[in-house]
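Residue numbering for the sequence shown follows our numbering, starting at 2 and increasing by one per position.
Among the clues, some could well be false.
The calculated label-pair distances, taken between Cβ atoms and stated as ranges, are [as the list claims (entries may be wrong)]:
hint	residue 1	residue 2	range
1	Glu-117	Glu-67	27 to 35 angstroms
2	Asn-159	Glu-117	14 to 22 angstroms
3	Asn-160	Asp-107	20 to 28 angstroms
4	Ser-157	Glu-117	25 to 33 angstroms
5	Asp-136	Asn-55	29 to 37 angstroms
6	Thr-82	Thr-125	35 to 43 angstroms
7	Glu-133	Tyr-112	16 to 24 angstroms
8	Tyr-112	Arg-44	30 to 38 angstroms
9	Ser-157	Arg-108	13 to 21 angstroms
10	Ala-120	Val-155	26 to 34 angstroms
11	Ser-157	Asp-85	17 to 25 angstroms
12	Asp-107	Val-162	14 to 22 angstroms
13	Leu-161	Glu-117	33 to 41 angstroms
Keep in mind the hints are simulated off the structure, nothing from the lab.
For every residue, glycine included, the Cβ atom is placed at its ideal position computed from N, Cα and C.
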Amino acid sequence: MMRRMRWTALFGLLLGLAGCDGLTITLPDGFGDGTFTPTPTPRSVRVVVINDTNLIVDPGIRYDAERRGFFSFLQPARTLTTGDLEPGDSIEFNFACDRLGIIFSDRAAQYFFGDEEPAAIARTTLVLVRSEDFDCGDTLVFQFLGDGLAFGVVVSVNNLVVD
Numbered sequence: 002m003m004r005r006m007r008w009t010a011l012f013g014l015l016l017g018l019a020g021c022d023g024l025t026i027t028l029p030d031g032f033g034d035g036t037f038t039p040t041p042t043p044r045s046v047r048v049v050v051i052n053d054t055n056l057i058v059d060p061g062i063r064y065d066a067e068r069r070g071f072f073s074f075l076q077p078a079r080t081l082t083t084g085d086l087e088p089g090d091s092i093e094f095n096f097a098c099d100r101l102g103i104i105f106s107d108r109a110a111q112y113f114f115g116d117e118e119p120a121a122i123a124r125t126t127l128v129l130v131r132s133e134d135f136d137c138g139d140t141l142v143f144q145f146l147g148d149g150l151a152f153g154v155v156v157s158v159n160n161l162v163v164d
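Using the sequences provided together with the hints, build the complete structure.
Written out as structure tokens, the structure reads:
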């Protein structure tokens, strides 16, 4: 009975934290693959960044909690901390809905291994706006494709390409 109560409390905690930003929880041995990454809930937005190129990518994802106003579009307050993504890497984040008003990729850069100067720079993507382009519970994907002159980003919302 006590063991069941502990597992019930653990799952309650996991569900309660599902709207947290960039959360991954390590589970006990013998339970799945040992990790749990919350999926979006009606109170959160999932952002997935994928490097499907042959080179290193700095995605340059910018976002702000504000969905309106000149300054939120001109200079978003935050850069999504992805680090440089190696070929084939992907990273996921879950945002509480009120923490993600706009999001876009701003001149993502692609690098040859060991170089400090970019081999290519992608155009800035469409600025996605909450309640216009995406809603709470949605999944946004920034997928980087191609190398050199063919380098770019495809943006989708719930598997529908928007940019």
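Comparing the hints with the structure gives:
Between Glu-117 and Glu-67 the Cβ separation comes to about 33 angstroms, which falls inside the hinted range of 27 to 35 angstroms. Asn-159 and Glu-117 have their C-beta atoms about 37 angstroms apart, which leaves the hinted 14 to 22 angstroms range violated. Asn-160 and Asp-107 have their C-beta atoms about 23 angstroms apart, which keeps the hinted 20 to 28 angstroms range intact. In this structure the supplied range 25 to 33 angstroms holds for Ser-157 paired with Glu-117, their Cβ-Cβ distance being about 31 angstroms.
Under the hint 29 to 37 angstroms, the C-beta atoms of Asp-136 and Asn-55, about 34 angstroms apart, fit the expected range. Checked against the given bound of 35 to 43 angstroms, the beta carbons of Thr-82 and Thr-125, roughly 19 angstroms apart, lie outside it. Look at Glu-133 against Tyr-112: about 33 angstroms separates their beta carbons, and that is not inside 16 to 24 angstroms. Evaluation of the 30 to 38 angstroms hint for Tyr-112 and Arg-44 yields a pass: the beta carbon distance comes to about 36 angstroms.
Remark: the range hint 13 to 21 angstroms for Ser-157 to Arg-108 is upheld by a beta-carbon distance near 20 angstroms. The given range of 26 to 34 angstroms is broken by Ala-120 and Val-155, whose C-beta atoms sit roughly 19 angstroms from each other. For Ser-157 paired with Asp-85, a C-beta distance near 22 angstroms keeps the hint of 17 to 25 angstroms intact. Judged by the Cβ atoms, the range 14 to 22 angstroms given for Asp-107 and Val-162 holds: they are separated by roughly 19 angstroms.
With their beta carbons about 37 angstroms apart, Leu-161 and Glu-117 fall inside the hinted range of 33 to 41 angstroms.
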